[in-house]
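A.B. asks: Letter by letter, the chains look like this.
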Amino acid sequence: MNDIALRGRVAYVFAEADFDVDQIVGVEHCGEQDMNILLEVAMRSFDPQFAARVEPGDLIVGGRNFGYGHPHYPAMQYMRHLGVRAVVAESFAPGFWQNEINMGFIPLACPDILSAVQRWDEIEIRWSGRIFNHTRGIELAYDALSPRNRAIIAAGGFIPYLRQKLGNRVT
Amino acid sequence: MGKTITEKILARAAGLPEVSAGQEIAARPDYVLAYDWPGQTDVIFREIRESFGVDRLDEPERFAMFIDHMTSGENPKDLAFHARTRQSCREYGIEVYEGLGIGHHVAGELGYAAPGAFAVHFDGHISQLGAYGTLAIGLRRSLIEAFVSPAVTLTVPRTVRVDLAGRLAPGVMARDVFHQLVDTLGPDSCRFQMVEFGGEGLGELTTDDLQTMGGLAMFLGALSAIVDPPDDARHREARRRGRRDFGHVASDADACYSARHRLDLGTVEPLVVAPHTPRNVRRLADCAGLEVHRGYIGSCASGRIEDIRAAARILRGRRIKPGFVLNVVPTSAAILRAAEEEGLVAILTEAGANVPRSTCDYCYGRAGTMGAGERAVSTGTLNVQGRMGHVDTEIYLCSAATIAASAIEGRIADPRGYLAEDKE
Numbered sequence: 001m002n003d004i005a006l007r008g009r010v011a012y013v014f015a016e017a018d019f020d021v022d023q024i025v026g027v028e029h030c031g032e033q034d035m036n037i038l039l040e041v042a043m044r045s046f047d048p049q050f051a052a053r054v055e056p057g058d059l060i061v062g063g064r065n066f067g068y069g070h071p072h073y074p075a076m077q078y079m080r081h082l083g084v085r086a087v088v089a090e091s092f093a094p095g096f097w098q099n100e101i102n103m104g105f106i107p108l109a110c111p112d113i114l115s116a117v118q119r120w121d122e123i124e125i126r127w128s129g130r131i132f133n134h135t136r137g138i139e140l141a142y143d144a145l146s147p148r149n150r151a152i153i154a155a156g157g158f159i160p161y162l163r164q165k166l167g168n169r170v171t
Numbered sequence: 001m002g003k004t005i006t007e008k009i010l011a012r013a014a015g016l017p018e019v020s021a022g023q024e025i026a027a028r029p030d031y032v033l034a035y036d037w038p039g040q041t042d043v044i045f046r047e048i049r050e051s052f053g054v055d056r057l058d059e060p061e062r063f064a065m066f067i068d069h070m071t072s073g074e075n076p077k078d079l080a081f082h083a084r085t086r087q088s089c090r091e092y093g094i095e096v097y098e099g100l101g102i103g104h105h106v107a108g109e110l111g112y113a114a115p116g117a118f119a120v121h122f123d124g125h126i127s128q129l130g131a132y133g134t135l136a137i138g139l140r141r142s143l144i145e146a147f148v149s150p151a152v153t154l155t156v157p158r159t160v161r162v163d164l165a166g167r168l169a170p171g172v173m174a175r176d177v178f179h180q181l182v183d184t185l186g187p188d189s190c191r192f193q194m195v196e197f198g199g200e201g202l203g204e205l206t207t208d209d210l211q212t213m214g215g216l217a218m219f220l221g222a223l224s225a226i227v228d229p230p231d232d233a234r235h236r237e238a239r240r241r242g243r244r245d246f247g248h249v250a251s252d253a254d255a256c257y258s259a260r261h262r263l264d265l266g267t268v269e270p271l272v273v274a275p276h277t278p279r280n281v282r283r284l285a286d287c288a289g290l291e292v293h294r295g296y297i298g299s300c301a302s303g304r305i306e307d308i309r310a311a312a313r314i315l316r317g318r319r320i321k322p323g324f325v326l327n328v329v330p331t332s333a334a335i336l337r338a339a340e341e342e343g344l345v346a347i348l349t350e351a352g353a354n355v356p357r358s359t360c361d362y363c364y365g366r367a368g369t370m371g372a373g374e375r376a377v378s379t380g381t382l383n384v385q386g387r388m389g390h391v392d393t394e395i396y397l398c399s400a401a402t403i404a405a406s407a408i409e410g411r412i413a414d415p416r417g418y419l420a421e422d423k424e
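Line by line, the protein sequences give chains F and B.
Under this note's numbering, think of the first position of the first sequence as 1, with each following residue one higher.
Under this note's numbering, think of the first position of the second sequence as 1, with each following residue one higher.
It should be emphasised that the hints constitute simulated quantities derived from the structure, not laboratory data.
Among these hints, one or two may not hold up.
Cross-link-like lysine to any residue pairs, in silico, SDA-like; alpha carbons within 25 Å at most [stated by the list, open to error]:
id, chain 1, residue 1, chain 2, residue 2
1, B, Lys77, F, Gln33
2, F, Lys165, B, Lys77
3, F, Lys165, B, Lys321
4, B, Lys321, B, Gly343
5, B, Lys77, F, Tyr73
6, F, Lys165, F, Gly137
7, F, Lys165, B, Gly22
8, F, Lys165, B, Ile48
Turn these sequences into a full structure, and let the hints steer you where they fit.
C.D. replies: In structure tokens:
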């Protein structure tokens, strides 16, 4: 398998510890399923131009215990809709982390990420556990994903992964 | 090297002589639990049939469905949703429980919380079954694996041990103990790990108390929580009630822990968790006097007989402040019956409280909805913004005793004053 997981820019940095991802869409919209509404309301308090500035393949960066609280799905559905493929954070709340993997998204724990990147830096992530900040010439280690979690992401999520895995056994 | 109770339960469930933290295993759940909720149960039943072609379950008696959400103020859409789930359960031979209260607690009453059992759910608050020595893990959307495959894949978690000592001071409750742990250990202190409660202080806590603490384990970052029984007497009654007897399962004295903490229960004081995140723990004194409009005693975390007794002790012969709304929602129908038999419901309703039948709906604002500008004291699971109604609201989490005292004054108030007054 190609070792390069993705190359893209840091589309936003959410530095706050224990960040509640519902803030991305606004608490009043945390259960919103209509993407047109999410596109209108999300990221308003962070960067109202976010949707226009982000590009497919970009990633977002977070602080310690990212996804704490009671995360709902729409925030990351919105990010994926815009082509954001990964979130690299100092650490993650476990429920959020596994859930995002199950959606085929890439959440990577990298303890030094906040001090090593700024918004719009060019980042390259390798599956083998290295992150390169090409803008600043910095190389970092992250906690590599297990083969199983990589397989879930490669399959596009947990259900397609299970379908592949059980394909021969389930009629 | 010895093993933790978690490693022992998972070894048995995986059919292996032993397992160790960090190892990836396929473990067969003894019980697969769920509550009926859009985006979860409907997706599971649709996917297992359409994507996996599953038309029968392996030992359907391992499965249980609880209808405890969307059970008040139902509209035709909700009724149709629950009806579809009942139909799916009939087709797959899954037992459905409704009208009994909040499933996470009712599971214990019905014997799914057998000591030493391995249970899975999609919801993380199932961790509270750890009070019975059951390893219960919320798998979120991975739960579907338990429906299409005999075992679920997981990594054996490491364990943070919390040794409890001493006894609680009057007016201090298990809820305060949990908030103290979040404050002392930190909201990410147990990430991806188990929290294991042990020590002689366990003797001062009831299983209900430990369910309160264990059910909130996710706010320490934990995968789940479990009680390490000091002897086989602790869970004797639970083993008798259990649907299966897995024997006495406990951690070895030389089990390997990633961290070990000690908490003297006697040092815990009433605490309040300020909005809008469960990590915002404050001393009650720092919030006392703040005007509040609404109180909620209930949820899968609190709302048990001890919570209702604590509220009744303070509200006996007193009235809640006019205009203040106090909803005391027993966690299960059995708890409501017990509260009626003890005369607690009469005390609470005479004081001006509402005591509706058991449901999850007050915890997330479907019932007892908060209006704009309101501030609540709550034993619900969460205080994130808008959790119990309008976005422009604030939720302060605290014990049932603190809520009862606050209901009298219409301000956040210390329950200890009322308890001392009653002694005089």
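A.B. asks: Is lysine 165 of chain F within 25 Å of lysine 321 of chain B, Cα to Cα?
C.D. replies: The hint is violated at about 60 Å.
A.B. asks: Just to be careful, I want the Cα atoms of lysine 77 of chain B and glutamine 33 of chain F compared with a cutoff of 25 Å; is the pair within it?
C.D. replies: holds (17 Å)
A.B. asks: Assess, step by step, whether the Cα of lysine 165 of chain F is no farther than 25 Å from the Cα of glycine 137 of chain F, and give holds or violated.
C.D. replies: violated (40 Å)
A.B. asks: Check the hint pairing lysine 321 of chain B with glycine 343 of chain B against an upper bound of 25 Å on the C-alpha distance.
C.D. replies: Satisfied, since the Cα-Cα distance of roughly 22 Å is no more than 25 Å.
A.B. asks: Within a Cα-Cα threshold of 25 Å, do lysine 77 of chain B and tyrosine 73 of chain F meet the stated pairing?
C.D. replies: holds (22 Å)
A.B. asks: Is the straight-line distance between the alpha-carbon of lysine 165 of chain F and that of lysine 77 of chain B 25 Å or less?
C.D. replies: Violated, because 36 Å separates the two Cα atoms, which is more than 25 Å.
A.B. asks: Holds or violated: lysine 165 of chain F with glycine 22 of chain B, Cα cutoff 25 Å?
C.D. replies: holds (22 Å)
A.B. asks: With a cut-off of 25 Å on the C-alpha distance, tell me whether lysine 165 of chain F and isoleucine 48 of chain B pass.
C.D. replies: holds (14 Å)
In the structure shown, a violation is registered for the earlier hints numbered 2, 3, 6, in ascending order.
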